[in-house]
Amino acid sequence: MPNIESLSFFLPELFLTASMVVIILVDVFMGPANRNRVVRQLSLAALAVTAYLLWVQTDPGEAIFFGALAVDPYSRFFKWLFLIATAVIFFVTPYTSQLLKTARHEYYLFLLAVMFGLFLMASAQDLIIIYLSIEIVSIGSFVLAGFLKGDRHSNESSLKYVIYGAFSSGVMLYGLSLLFGLAGSTNLFDVQRALASITGPGDLILVAALLMILVGFGYKISMAPFHFWTPDVYQGAPTTITAYLSVAPKAAGFALALRVLGIAFGDNLQFPADQWFPVGNLAIGTVIALFSGLTMTVGNILAIQQNSVKRMLAYSSVAHAGYMLMAATILNTQALGAVMFYLAVYLCMNLGAFLVVILVHNKFGYDDIDDWRGLGFKLPLVAVPMGVFLFSLTGLPPTAGFVGKVYLFSVLISSQQFWWLAVLGVLNSVVSLYYYLRIMKVMFLEGEPTGETVSDHPAMTGMILALMVPVLLFGVYWSPLMGWVRASLKIFTPGG
Amino acid sequence: MYTDFAPILIFSVLSVALILFALFLQRILAPTNKSALKSSTYECGEEAIDNARMQFNIRFYVVALVFLIFDVELVLLFPWAVVFKELGLVAFVEMLIFLLILTVGLIAVWRRGDLDWVKMEVPYARGRYAQLEQPLVDEPAPEMAAELEA
Chain X
0 MPNIESLSFF
10 LPELFLTASM
20 VVIILVDVFM
30 GPANRNRVVR
40 QLSLAALAVT
50 AYLLWVQTDP
60 GEAIFFGALA
70 VDPYSRFFKW
80 LFLIATAVIF
90 FVTPYTSQLL
100 KTARHEYYLF
110 LLAVMFGLFL
120 MASAQDLIII
130 YLSIEIVSIG
140 SFVLAGFLKG
150 DRHSNESSLK
160 YVIYGAFSSG
170 VMLYGLSLLF
180 GLAGSTNLFD
190 VQRALASITG
200 PGDLILVAAL
210 LMILVGFGYK
220 ISMAPFHFWT
230 PDVYQGAPTT
240 ITAYLSVAPK
250 AAGFALALRV
260 LGIAFGDNLQ
270 FPADQWFPVG
280 NLAIGTVIAL
290 FSGLTMTVGN
300 ILAIQQNSVK
310 RMLAYSSVAH
320 AGYMLMAATI
330 LNTQALGAVM
340 FYLAVYLCMN
350 LGAFLVVILV
360 HNKFGYDDID
370 DWRGLGFKLP
380 LVAVPMGVFL
390 FSLTGLPPTA
400 GFVGKVYLFS
410 VLISSQQFWW
420 LAVLGVLNSV
430 VSLYYYLRIM
440 KVMFLEGEPT
450 GETVSDHPAM
460 TGMILALMVP
470 VLLFGVYWSP
480 LMGWVRASLK
490 IFTPGG
Chain D
0 MYTDFAPILI
10 FSVLSVALIL
20 FALFLQRILA
30 PTNKSALKSS
40 TYECGEEAID
50 NARMQFNIRF
60 YVVALVFLIF
70 DVELVLLFPW
80 AVVFKELGLV
90 AFVEMLIFLL
100 ILTVGLIAVW
110 RRGDLDWVKM
120 EVPYARGRYA
130 QLEQPLVDEP
140 APEMAAELEA
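Protein chains in written order, with numbering that gives the first Met the number 0: chain X, 0 to 495; chain D, 0 to 149.
One chain only, chain D, in its complex shape (with noise of 0.2 Å):
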């Protein structure tokens, strides 16, 4: 059964050896001529100005991890829809589940107004724009509310 590999083995030696191949070939054939300018990093494109390791507002990830979710999601419909004939009534039932779960995530994200690039109206949102009038924690356990505030 090893042998079945032996095409992807021939396949990955081939593209490596393509690679270097045009590498050696292009550093025999093409003239060099450095220059500043042309070792600058976007030859062609805007000067760099900052370092690229800077920080991100942290809404940033939600929405990534919000849009891995659904992106996931489709990839599981797709290969679901091309057999779905065959599969019938309970792989639908299965696949309505699976959306409906993914639906009330959907729902979570949105009520915690994490969709909201500004938050203006959030009820329980913090930071610059939050407009806090209930506490965002409730009262602690009666026997330890005493304690916290001694």
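Just chain X, same shape as in the assembly (with noise of 0.2 Å):
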């Protein structure tokens, strides 16, 4: 479709572009005075009227702007996560006693910033689009993890993310560099198509750009072995930039990376294709597998080991990427929806157990374990969430996490591939469950119930008990979240 007629459906992220502007504006004539308040407000203001775009939007029936994003029900999926997870953290932002002494205004407006690049992660069709998008999640995200400028472990954190990035940002660009030196083209249907016909020495560079490709991805959703910078990241960052950082580029990264890879190396010009595409004597799902069972086996192997709750939580986030990476192993539409589904449950309990981390710190000031001791008796309506949201991110019914671990396992289990992975994911939850359990030993079976409760913020428990409400409602009665997932799977051929 051509650029003009694009616009009409590209709304969303054109206001977003256009409040950003409008705010930075706002934000730099104003006096020093409120201007947090006033920018919060302006930039929920933004939230709303986006959300409120993409719940109109129309679907336009083929890929915009010539071909490079596609306007999908898959995409809208998406950014409907990162609407969620980006409010969330908006909320809770000035009740964080770890960002009180900072001016917050500007960082309302890099969390915009950031959450217009997971749209365009989101919808990205064409190479260029790709790799921008993933730079402008980045470079919003670096600056947010340094945010807290006194503290040196936000510093480190910061400078460790902007090395990484720029580095698995570097290798993946090259890779889609080789992968359009082959196809002569930056959509990925055209890739697609000449992937197809290609035979002889192409395979050898089509199998480096793929692993290339990979690292960028794997980068972004903490893949091991590239996951060595999200412990330091999401320990030094502010806790609510480590909440976000876990779940909505996580996400994002899955979306483009199921994307890519469905599109570019599928068996056919659809998204999703029925098969992957042998990519010389590579099979890409074997490829998948390994990393996933690395990924899960080394996230939950370190987790144990932290003392830290940030950083346990960091490597758990590891461990999730693993599981997610099993069903991915897989192209079909099965999977890409076991793996949606997984991650809006992922969504709500992660960011949830990161709120309690935030709260808990805002009271104790605590982040070791052992600190957490007795929390049961001294915050019980904080308590219980936490235990649920862990329950659910170990996959214990009758929580969300479990149907959703249910739904990745049975990808495997009727492709009738990869068993071996099946056990080791089994194998893992196992892991899992000590480093889940320790935490709920500390808060509940530890310390003296001594009868003095502590109060907490009403808002901030208001919304760990909104998060709940999620995990516990579609563990039990989850087909209308299933429901959505399956409707925004409605495969997409690229029409010319």
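These are calculated hints, taken from the structure and not from any lab test. The beta-carbon is built from N, C-alpha and C at its ideal position, and this holds for glycine as well. Treat the hints loosely; a few may be bogus.
FRET-style restraints, in silico, Cβ to Cβ [unchecked claim]:
#	chain 1	residue 1	chain 2	residue 2	range
1	D	A80	X	F227	38 to 48 Å
2	D	L86	X	D273	36 to 46 Å
3	D	F10	X	F14	46 to 56 Å
4	D	L76	X	G183	55 to 65 Å
Quick partial rundown of chain X residues pointing at chain D, CB under 10 Å, derived from the structure [to be verified]:
#	residue
5	I3
6	G180
7	S184
Only part of the chain D face toward chain X is listed, based on derived beta-carbon distances under 7 Å [as the list claims (entries may be wrong)]:
#	residue
8	L105
9	R110
10	G112
Need the complex rebuilt from these two chains, each delivered in its own frame; the hints are there to steer you.
Structure (structure tokens):
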């Protein structure tokens, strides 16, 4: 679709950009008094209007901007996830004691910019847009990770993030350039057409391009062995940002990786294709299966030894990337649906767990697991939801995490491939039980019920309870969410 | 299609070979007459007085970043200007929007005082020259404020 006609299907992103420009101007021209509050409220209003525009958006039926961006139900599903995550972070930021001593007005603007990048990542269908969208997200995240200027940990996390980000996106860019060299086009569907006709020496280059692209995506979703930045960045960044990074860019990374691999390396011209296209002697499914097994094992085993709750949750987020990659080994609608379902559930439970970390930090300044002793007696309204989130992260019924994991495993079982990976996944879940339950044990079984309870912010507690509702609800009645996922997986073909 | 890249391969091999050849040639032809003065770092310039790895004022980086943005803007303006006539009104409006967004960035930098080298009167400057009359941070949320004081 040509550029001018495309604009009407690009309204949410256009509005987001325009509102950012306006908010920057308001920000610099108003005095320092109240500017945090004004910028936050303006940004929340921008989020609301963006949500409305996303809600009324119609399907163009073909990719917009000459095939560069897909406006399909699949991308819209992820855009809703990003909107929810961003709104939750906006909501809890004024109640985060870590951030109170810094000027936060630019923080909100950076969050909006990152969300704009995430929107593009969910829709990108063109190699250039893919690279640009990842960079928009990354650069905003670098700044946000280092937002506590006086805090050495925050500085360290930002610097590590920059170095890892620059390196892995450099490698990915090289991979994308190889792909462009092979196909002669930046459009993913053209790439697929070209790859399907390649024989001979192209195979080796194709394998190199595939692996290099996987480096870039692996960095975004913190897949082992590209996960080394995760614990340090997650620990040093302000906890609100940690919560955001652990759900939104990860979901976007999965959305983009599945779209790119599903189109360019699929065996036919639709998204998702039915099977992987064989790249030389390399079976893509097996490569992803190896990465998946490594990722979940590394994440879980390293999480055991952590004493900082934030660090432990960071390794747990690495492990969860591994679980989700497990379904991505197979290329079909069922696998995509399983990953999307799990990402939606993961958004609720992981955000919830991090909000509890923020609240405990506000109250007691704790981060070590040992300091959480007896929290169940002091803050029951927070400790119980934390228990639910941890059960859900482990994958125990009757929580949504259980349902999500069942869907992930069922992809492998019904495709009759990679049995070893399914077994490894189950074993890993058992390992994860240990460190999740360790927090539970410290909260509820250690410490004495002194009878004194600590008052907590109604807003924060309310948000945590609100995030607990979907985790419990989708654990017993998940068909609405699954229905939404299925509706979002209308097969997308390029239309000409 | 790989043969299309053959000139590039030949060019890179030749350029490396030429350099090696020149180095080899001067090794056998030129007289070697080493002295301490000759092997000092700047034979024809100032003597090094200190390590180059020193701390810079962070304002250099801000200026460098601003420069970079407008440098990239120019790079994007050149190809646009070359084909401007063929592209017509749409491209003109698109480029205006692009410039507008960049100008907002310039306004923000200007207004924040990052273009002033000596920050005498900028309301939100920090450090030695700051004349802070108003607090940098506004009031925290009411329930948090009580807690911070406690």
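Hint numbers contradicted by this structure:
4, 7, 8, 10
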